[in-house]
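Enquirer: Protein chains in written order, with our numbering: chain A, 1 to 549; chain B, 1001 to 1421.
Source of the hints: derived by calculation from the structure; they are not laboratory data. Please read these numbers as outputs of a predicted model, since none were measured by experiment. It is possible that some hints are incorrect.
So, partial list: chain A residues that the calculated Cβ filter (under 10 Å) puts toward chain B [said to hold, decoys possible]: (1) Cys69; (2) Asp92; (3) Cys100; (4) Ala103; (5) Pro140; (6) Ser186; (7) Ala198; (8) Gln202; (9) Leu203; (10) Arg207; (11) Thr230; (12) Cys234; (13) Thr448; (14) Val462; (15) Ser491; (16) Leu523.
What the simulated footprint calls covered on chain B by chain A, stretch by stretch (three residues with Cβ under 8 Å from a Cβ of chain A suffice, anywhere in the stretch; the number is not a length) [to be verified]: (17) 1172–1183; (18) 1234–1242; (19) 1307–1321; (20) 1354–1368.
Ideal Cβ placement from N, Cα and C applies to all residues, glycine included.
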Amino acid sequence: MGTFGYTCKYTPLELLSAFGGQPALLNRESPDFEYAEGLTHNHFCCHAKAVLEECRRDGLQELVLVNCCDSIRRAYDVLRVQGTPEFLFLLDLPHHDDGCARARLKGELLRLAAEYGAYTGREFDPAAFRAAFTPRREPPDGPYLAVVGARAGERLLAALRSSAPLPVEDFTCGGNRFVPPPEELSGFDTLMDWYAGALLFQLPCLRMDEIGRREELFQQPGLAGLIYHTVKFCDYYSFEYEALRKHTRLPLLKLETDFTPPASGQLSTRLEAFAEGLSLPVARPAARRRGRYVAGIDSGSTTTNAVVLDLEGNLAASAIVRTGPKAQEGARKAFAALGGFAPEDMAAIVATGYGRANIPFATGAVTEITCHARGAHRLRPEARTVIDIGGQDSKVICLDGAGGVKNFVMNDKCAAGTGRFLEMMARTLEVDLEEMGRLGLRWEKELTISSICTVFAESEVVSLIADNHSAADIVHGLNQSVAVKTAALVSRAGGGPGYMMTGGVARNQGVVEAIEARLGERLWIGENPDLCGALGAALFALDSVRSQT
Amino acid sequence: MGAVVERFGGLVAAQASAHPGRARWLLSSAYRLVGAQMRYIPPKGMSPARSYMQSVTSPMMGKALSRPGTCACVNVFLPCELLHAMDITPMIPEGLSCYLVSTAAERPFLQAAEEHGVPESYCSYHKLLLGLAESGVLPAPLCVLNTSLACDANQLTFRRLAERYGVPRFTVDVPMGTSSADLDYVADQLRAMGAFLEKCSGRRLDPERLRLAMERSRRTVEDYRRYLDGRASCSRTEELSAEMFAVMALHPLLGTEESARFAALLARETIARPGPSAGKRILWMHTVPHWQASMMEVLSKSGRCEIVACDMNYEGLAEIDPDRPYESMARRLLESGYNGGAERRVRRSLDMARRLNADGVVYFCHWGCKQTSGAAQYAKRTLEDAGFPTLVLDGDGCDSGNVNDGQMLTRLQAFLEQLEG
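The following block holds chain A by itself, in its conformation from the complex (with noise of 0.2 Å):
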């Protein structure tokens, strides 16, 4: 028996089984899209990127796509020219759902049954395409989480499931195929009417005409927050999100990956993040030893930060170092530069920050988002948006008036507006950071670097350089670009006056001014805006301490 590769929630699987062929869904996400990339383009969609590589490494010899997509009939048109697989379909779905779109698919369905019949060598069985249907998958019991949105990969799905305080069901098409079986079988010219009308009203996914009845999706009972998937290279599904983001009380989490198995270190912190926000009883940091301080350690990826707080919640001490290499010895050195402290001494210690796992000796970790959000409010109560501009990262979060997570989002992988960027300018133009962050300040000229991606933007800085533009110039005209991507993130979170600003990036007077002047607003900066986070980790220490006396 054949089995057959497919993608889409559409293809017509019943009647595949009924000419003996066995389902298999493509949906493993791949290293690396080498083969993929020399058939296409680097542009393309990563999920059609990953199936052609998945139908390569597979070695399949079936495979029925439906014109989902401008990609997936790519994909289509590129394996027909290679003659791979052996059998290749391309089922053309129709974008409505009502009666004359339902005698066009019927119309694909024939076509397919005639060539797969072919195929095979088989007749339709009619016994087989019943128990081909399968029941409804239902949701469980008690509160849960779905993923929602574009194709979610299988490496992403167990991620999701083995870090997410709830159990997370598949509402991406991936997950959420159903039709209904027949209630006869008549003869098969009548069923195969009857099928394209099952196949048309399920669930209706972005590509479809009318798409209203999504929002069932969104109203299952038990449904307690979303994660919502979107795929490098696949809009789609943006769309939906943003709608989204601005209608539903469910607490919603916006993933975006390129179907490349998932980065823990990003994923574990917006999983995390998004779980405390839940207000979920998750495990928090333990007090596991006596003493009359407590500490929150930052492990960042430039710098480890570290606060000590004395019992009654004054500061005691703080210190800023290199990470280095290793986050365990970033931490071990913002302890020895705390002056007289040491772990020993620390009735908590929470870390927080991409190394939080890393501290073997913090009695608790909690992401950055939750401690950056505590840190901020004890700093500055009026604080209800607060933008974090770090190394590698950078976040706006939603404050609500006790200093709780209403919601954030933090840039994808791509290093434009984050501190990173600025270091990788600065180094092209042969300038310190503290240079550079005087430099802005002191521009004349508006000049545009209008490039969204960091290695473009390098170009452009070099382009300027030559056309003997001024450095500060230059500079201000790189503000202005971090100050353009802050204000689309801020405008992604939701956020709104109360604004204050944390991270390193925070020191550059010229960033701050370019983004107050895009925002409309003053932009409140603490004395060390490196060491927010960190205080709130100390924070939650703390609290672990009162709770335990």
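For this one, chain A is given, so just place chain B on it according to the hints.
Expert: This is chain B only, laid out in the frame that chain A set:
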């Protein structure tokens, strides 16, 4: 780009977020002025056909901004003869995007779109239009109409526009095949679109006016074919935007007297001036980055090469029978070079490259266009196997943010050296 244009763009950008009405007025006035300039004092060296077309499209863009209630927002592939028969002006996002970038006013609108969640990887023509809408500069049209051809962005952009404006929307679903059942499927939808337009506008669709519009389309297509025949043995050096104006004439304006006059002028000019090309003859596939000074320098000013045709302007030259308007419009969609798979698109360009004596092909991968990028390697191999050196050139039709100008220029110049060598 001239200093005046840049200053104008800066002025629009400064008004866009706080005073969208002023930005709209500035743009609409500028487009009307350009229209008047093209009609009465066209630039030296510009062909009469091109300046005429620009004198028609510019005020149309102005009208889309200033009197949107009389316009229907349509995608570039939507057959518009029904609209012309009912005196409804098409508002064409792709056209507006081209105009915005020509007036250096695109930046705030691209940013507005991204701030409203439009993905970075999205087609920038569509992104610009959404930015115009989100910023409030583009007011609500009468209704929104789109085909599923030629790309996914149509479904997304036009759905979002209709939702944002709260206006009715109609989609023409275009299947990939060309069977008689497919033809009937599309023709029936176009009939329903006529009824939809009657309902939205309160106007009656007169079958005789539709027949006359189709008759004008037929003349336009025939004259454009004559132009292409003449182009095989004629050299023309034109602005990069020339092909984009032809796109307007052969798509949303098809069915108007203006479009017919443009094609007739173009055919006459070309047939009257046969002569060998001094530089290399380039067949261009997909949109043209007309805003890019470096590309303009090489492609239309250097004398090293000329663009002999753009595949957007020969994808839909199907036969037209004015007495069967719906079937004729349906056939144009179904037989489009952009419909039915990459093979048809590449095959059509291969035929055109032979017919126009092209020396090479530039396959332009406009940022965000997955169907173009997905077929890039296939197109290159096929065209080169047939003897036409092909350059896959990555760029963007209207967003400089997605462009590495220096690298593009190097690639294009190296390609020309390859053709010349």
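Enquirer: The structure should be examined with respect to each hint, and the outcome stated for every one.
Expert: Results of checking the hints against the structure:
For Cys69(A), the interface hint holds, the least distance from its beta-carbon to any beta-carbon of chain B being 5 Å, beneath 10 Å. Interface hint status for Asp92(A): upheld, as the beta-carbon distance to the closest one in chain B is roughly 5 Å, under 10 Å. The closest approach between the C-beta of Cys100(A) and any C-beta of chain B is roughly 6 Å, which is under the 10 Å cut-off, so the hint is satisfied. Given hint, Ala103(A) at the interface with chain B, holds; its Cβ is 8 Å from that chain's nearest Cβ, closer than 10 Å.
The closest approach between the C-beta of Pro140(A) and any C-beta of chain B is roughly 30 Å, which is over the 10 Å cut-off, so the hint fails. Using the Cβ-Cβ criterion of 10 Å, the hint placing Ser186(A) at the interface with chain B is not satisfied: the shortest such distance is roughly 22 Å. At a threshold of 10 Å, the smallest CB-CB gap from Ala198(A) to chain B is about 19 Å, leaving the interface hint violated. Interface hint at Gln202(A): violated, since its Cβ lies 17 Å from the closest Cβ of chain B, which is beyond the 10 Å cut-off.
Violation of the interface hint for Leu203(A) is found here, the shortest Cβ-Cβ separation to chain B being roughly 17 Å, above the 10 Å cut-off. A cut of 10 Å between beta carbons decides the hint on Arg207(A): the least distance to chain B is about 6 Å, and the hint holds. Because the smallest distance between the Cβ of Thr230(A) and any Cβ of chain B comes to about 7 Å, under 10 Å, the interface hint for this residue holds. The beta carbon of Cys234(A) comes within 8 Å of a beta carbon in chain B, closer than 10 Å, and the hint placing it at the interface holds.
Against a cut-off of 10 Å between C-beta atoms, the interface hint on Thr448(A) holds, since the closest Cβ of chain B lies about 7 Å away. A distance limit of 10 Å between C-beta atoms decides the matter here; for Val462(A) the minimum to chain B is near 8 Å, and the interface restraint holds. Among the interface hints, the one on Ser491(A) holds; its C-beta lies about 4 Å from the nearest C-beta in chain B, closer than the 10 Å criterion. Given the 10 Å rule on beta carbons, the hint for Leu523(A) is violated: about 18 Å separates it from the nearest Cβ of chain B.
Restraint check on the segment 1172–1183 of chain B versus chain A: 6 residues with Cβ-Cβ distances below 8 Å, three needed, restraint holds. Given as covered by chain A, the segment 1234–1242 of chain B fails the check, having 0 residues with a CB less than 8 Å from a CB of that chain where 3 are the minimum. Counting residues of the segment 1307–1321 of chain B whose CB lies closer than 8 Å to any CB of chain A gives 0, so the stated coverage by that chain is violated, three being the minimum. Here the segment 1354–1368 of chain B counts 3 residues with a CB under 8 Å from a CB of chain A, which clears the bar of 3, and the coverage holds.
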